[in-house]
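**Q** One letter stands for each residue in the lines below.
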Amino acid sequence: MNKSKPDKPSDGGHDDSEPSWFERNVNSIIFALVIACVLTVATQRVFGLGYDEQHPAHFPQEEWLGFQAIFGFVVFIVIVFLGRALRLIVERPEDYYDA
Amino acid sequence: MPEVPTGLILIVGGLLLPLFGKRFSRYVSFVVTLLALAWYWSLGSDVSTSYALFDMELTPLRLDNRSWIFGLIFHIAAVITSLYSIHVEDTKQHVAGLIYAGGAIVAACAGDLITMFVAWELTAISSVVLVWTGMQQNPEQQQPIYRTGMRYLLIQVGSGVLLLSGVILHFKQTGSITFEHFLGLNPGETASIADYPLSAKLIFVAFAIKCAFPLLHNWLQDAYPKASATGTVFLSAFTTKLAVYALARGFAGTEQLIWIGCTMTLFPIVFAVIENDLRRVLAYSLNNQLGFMVVGIGIGTELALNGTAAHAFCHIIYKALLFMSMGAVLYRVGTTKATELGGLHKSMPWTTAFCIIGAGAIAGFPLLSGFISKSMIISAAGEKHMFAVWIILLIASAGVMEHSGIKIPYFAFFAHDSKKRVKEAPWNMLAAMAIAAGMCIFLGISYGYQWLYSILPFELEHGYQPYTQAHVILQLQLLLFAALAFVVLMKSGLYPEEKRAENLDTDWVYRKALPAVVVAGRHAVVWVDRQLRLLGMGLLRWFLKKQESLFSESGVFGRTWSTSAMAYWSALLLGLCLVLYYTSR
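From first to last, the protein sequence lines stand for chains A and B.
Residue numbers for the first sequence follow this note's numbering, so the first one is 1 and each next one is one higher.
Residue numbers for the second sequence follow this note's numbering, so the first one is 1 and each next one is one higher.
Simulated from the structure, these hints should not be mistaken for laboratory data.
20 Å max Cα-Cα, derived SDA-like pairs, lysine to any residue:
1) K512(B) / V90(A)
2) K499(B) / L88(A)
3) K499(B) / R92(A)
4) K419(B) / W21(A)
5) K491(B) / V26(A)
6) K512(B) / P93(A)
7) K545(B) / R559(B)
8) K512(B) / I89(A)
9) K201(B) / N186(B)
Model the full structure from these sequences, guided by the hints.
**A** This is how it looks when you write it as structure tokens:
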């Protein structure tokens with residue numbers, strides 16, 4: 001008999017009335033993320049990117065201040081909105097193939 | 001150690017497994033994978049054994065700097081996945097798993113195309129059993145999973161048939177079955193797919209199917225999420241990476257691969273955003289990661305090919321880790337649908353931690369394995385001054401951060417609390433995940449990546465330094481600001497909520513459109529047939545009616561004639577005869 005059947009969820013042994021560390025510190029985590037973001041751009045501004053002959057920049061964009069930061073932010077949002085648009089085209093009921 | 005293909009150890013071990021019974025076969029399976037790994041390690045990376053068969057030379061074992069790394073990671077994956085599935089008392093699954101892993105290893109370590117073809121088909125047949133393992137886990141979905149398996153098998157065997165056709169043609173044209181680059185290109189040289197002979201083109205398509213090229217990809221997203229918790233982990237490691245190895249060996253430097261790879265990195269990321277089944281999200285993510293490797297093969301320089309091999313190595317581990325964490329969720333909760341998950345970090349903290357390490361590795365955070373391999377491919381594009389490719393790979397990197405870096409761990413373990421309180425994953429699943437997570441960290445730090453770089457196919461003149469100031473800062477900018485975008489979208493409510501839905505992909509063509517065309521064709525044939533038969537019946541009816549009217553009482557042939565008319569006509573004819581008689585005398 002294959003044992004890989006889901007165990008029935010049980011409430012025993014886990015106290016879920018208390019919020020977890022993550023739930024209590026969501027705002028602190030977001031704050032830390034913002035600080036980390038600022039730090040990455042500040043580091044580039046203050047220390048540069050350390051390009052030299054052995055490790056040169058291949059494209060001028062690599063040297064623009066915060067290029068990849070803005071790029072990452074914008075691309076992420078564009079991908080999510082493309083996903084929303086794609087949903088309009090490809091979304092079907094869950095039993096579409098089996099109905 | 002005798003120089004035998006270590007994949008055979010797994011295959012023979014798999015075949016003998018039923019002798020040990022349900023209780024012990026799962027442990028024996030794990031021991032066999034360990035033994036095979038140790039044997040493989042002892043063989044080293046410079047072995048070749050050949051046998052003459054008719055007028056061909058078979059090379060069932062060829063370990064060199066190109067194949068050794070792939071054989072090694074396949075062995076490691078076999079060990080991890082066997083450990084992960086040690087709780088499963090289904091001997092059939094262990095047999096299929098061992099034969100599948102063994103087949104992939106034999107194929108990767110084969111020096112000739114015939115051995116490769118046989119092993120190629122073996123992986124197809126054994127892996128479909130793994131797809132069908134989902135039927136036991138999900139009994140109410142038996143029929144859909146059975147049909148998925150059949151579709152998977154048809155596509156995989158189809159790839160094998162193309163490979164065999166290409167190999168036969170190749171042998172007829174060249175008289176050789178040795179598996180080498182089909183144009184004899186060296187690293188750094190490039191060619192177009194049009195330059196290859198027909199035999200190589202057929203083989204290329206066979207590899208393309210297994211590598212899930214765009215439009216040929218959907219068997220992957222269709223089948224992998226349907227297998228059992230453990231079956232999917234097996235499936236994720238071998239087939240596609242075997243295809244990557246085969247492409248890297250036979251078609252490196254083929255320019256079209258760059259753009260095929262770019263497409264592969266891009267389109268799955270959008271599908272992954274809206275997919276509800278997190279194992280299917282991982283299947284799209286797998287497709288996206290293959291894209292990076294295919295780009296590396298297309299660029300074809302030593303750095304790029306090293307990047308492909310390194311990325312395949314790291315990818316197998318972190319992708320297995322992610323599939324394992326989702327498998328643990330499936331095993332405990334019974335689903336991996338994001339709409340039904342959330343808050344599991346409270347009850348599955350270890351699985352959560354391992355999943356986050358896997359997510360960090362695939363996203364390419366410094367100090368984790370993805371960073372030191374993906375950056376090689378992106379640097380290779382940079383070295384060749386391919387600006388568009390560089391930009392596309394950056395977009396793809398942000399996309400990976402979205403679906404695998406954030407979506408997988410967030411929606412499974414955090415997000416809204418689903419109030420599901422389950423047990424932590426079994427010890428063996430945790431142990432397998434811990435090993436994989438440990439390797440993700442090991443490969444991301446100094447000793448680890450230096451070891452990995454030392455077993456890559458080519459020794460680079462100036463080496464490769466992943467941890468430059470620019471790499472670290474720019475990568476962190478990309479990833480952290482992408483994470484920031486996620487926070488902004490979540491806080492503003494613009495992030496699309498998870499929905500229970502089926503999202504159409506190219507499998508719609510053969511699951512809906514083609515059957516609809518066939519049904520419409522059948523209706524058309526029935527209609528034409530009916531019209532022809534109606535026409536025939538109409539003609540027959542008209543003919544019978546005509547006969548009826550002709551022979552009826554009032555018809556020409558059926559009505560009664562008066563005797564006077566008969567006498568009149570007889571007298572006339574006799575008179576005519578008399579006249580003729582006299583005139584002719």
